[in-house]
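As given, the protein sequences belong to chains A and B, one line each in that order. Be aware that the first sequence starts at 1136, since it is given in the working numbering, and climbs by one per residue. Be aware that the second sequence starts at 1136, since it is given in the working numbering, and climbs by one per residue.
If you're looking for bench data, these hints aren't it; they were derived computationally from the structure. Mixed in with the good hints, there may be bad ones.
Since the list gives no way to pick out one identical chain from another, each pair is judged satisfied if it fits inside one copy or across any two copies.
Within a straight-line C-alpha distance of at most 30 angstroms, the following computed DSSO-like cross-link-like pairs (lysine-lysine) qualify [stated by the list, open to error]:
no.: 1; residue 1: 1215; residue 2: 1270
no.: 2; residue 1: 1288; residue 2: 1194
no.: 3; residue 1: 1290; residue 2: 1254
no.: 4; residue 1: 1194; residue 2: 1249
no.: 5; residue 1: 1194; residue 2: 1168
no.: 6; residue 1: 1139; residue 2: 1194
no.: 7; residue 1: 1162; residue 2: 1290
no.: 8; residue 1: 1208; residue 2: 1194
no.: 9; residue 1: 1290; residue 2: 1194
no.: 10; residue 1: 1194; residue 2: 1138
no.: 11; residue 1: 1341; residue 2: 1181
no.: 12; residue 1: 1162; residue 2: 1208
no.: 13; residue 1: 1249; residue 2: 1162
no.: 14; residue 1: 1285; residue 2: 1162
no.: 15; residue 1: 1285; residue 2: 1249
no.: 16; residue 1: 1262; residue 2: 1138
no.: 17; residue 1: 1208; residue 2: 1139
no.: 18; residue 1: 1270; residue 2: 1341
no.: 19; residue 1: 1181; residue 2: 1285
2 protein chains.
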Amino acid sequence: MLKKLDFYFDVGSPTAYLAYQKLLQMKSIYDFKLIYIPVLLGGIFKLTGNQSPALIPAKGRYMELFDLPRFAKLYNTSFKSNPHFPVNTLSLMRGAIAAQEMTCLNEYINCVFKALWVKQLDMGDPKIVADELEKNGIDYNAIIQLAQSKPIKTKLIDNTQQSVDRGVFGAPTFFIGEEMYFGQDRLQMIETLLIEDREQTESLVK
Amino acid sequence: MLKKLDFYFDVGSPTAYLAYQKLLQMKSIYDFKLIYIPVLLGGIFKLTGNQSPALIPAKGRYMELFDLPRFAKLYNTSFKSNPHFPVNTLSLMRGAIAAQEMTCLNEYINCVFKALWVKQLDMGDPKIVADELEKNGIDYNAIIQLAQSKPIKTKLIDNTQQSVDRGVFGAPTFFIGEEMYFGQDRLQMIETLLIEDREQTESLVK
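Kindly produce the complete structure, drawing on both the sequences and the hints.
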C-alpha cells in the first residue's frame, strides 16, 4: 500500500532542514507520497505552551555541538548553525504558502533551507531573501506580492491551527494516517515502514 | 578499543527505563564497560532551566500514545505508563546510591524500574517500596538506613551537579569520553559505534 506522509515544517528549524534532506533521499529510494505542510513554529509554540529547545542553553549547546552535526554526517549532507538564529520566519513561511500556490515550493524551500542552514545567511533581511531567490530563478516580487495577500496569510494560520488540533507541538512532525512522529530522528522508523512496504509489494509481484 | 559508557539516569524517567532495557540487551551482545551514574532529574531541571517534556500536554500525550510504546515494541520490552507520574524520586535515587555502595545496584534498579514502568505502582509510598524490594530479596531497611546518611545524600547532589557541569540537561544521558548523547533513542547511534568496534577487533584478531 502506497504510504502518504504529511510533513509539517518551518524553515527556521534546523531539524526540519535535516528532515528535508533525509526526505529527499528517501523519495529517491522509496515509493511514497510526500505532502508538504508549511506551518509557523512560533505559532505552534504559543498554542501549545512549548518552546524552542535552544532556549535551554545546555540543550542548545548539545544540539549545536553534537546532535545536529551527527545527523548531518549520517545523512551525508551539509549543515552549519545560523548565527542569526532564531529567525522570525513569518514572511518566509507565508512565502512558502505562496510558492506552493505558484507550484514552485520545492525550488523555494530548497533555496531558503540552504540559505539558512548551509550559507548561514540572515534571512530576516528582505534584500538577502530577494537576492537568494532571484539567484535560484524564483520570482521574488511575485512571491512576496502573493505572500501579502489575505488568503495566503489565512492559509498559514489555518495550517498552524490544524496541525495543533491534530496533536503537533513542534517541528518537524510527520503523520502516516493518524500515526504521529515528532522529530527528524523518527524518519528512521518511517524508513523501516517504507522498507516493509516495498518488501510486501515485491512479494505480491512475485 | 573497549568503550566505556557513562549512563546518567533517574528511575522516574520512562525513557531512562527504556534505555536501561536496551542497555541490558546491548551488554549481552557487545563488549563495553557500563557505568551507572544515579542523578536527580528534578535537580538537573532546576540547575539548567529545563523541565519535563510531559509538562507540555500535547508532548506528554504524544509520548504516552505513540513514542514510548513504539520504542518498547522495538526493544521487545514491557512498558506501561505510570498513573502516579511524576514521582518525587529523591528517596528512590538516594536508595540507588546506597544500593551502589552495597553492590546491589543492578538488583535495585531492576526492581524499581519494573515497579514503576511495568507494574505501575506508586513508588512514592515507602510501604510499597519496602514490599517490592523485599519481594526481590533486597534488604529495604539496610538500603533506607544507608540512604539517609550524609555521605549518600551528598553523593547524589555531587553526581547531579557534576552531570550538569558536564553538559547534562535531562535523562537518560550517555557519554563516551566527552561525546555526549541525550535520550534513549540515541542508543542506536551508540550501538553502531559498538558494532564498528567489534568489527575492528575481529579484523585485528584475523
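Practice problem: Output the numbers, in ascending order, of every earlier hint that fails for this structure. | Solution: 11, 14, 16 and 18
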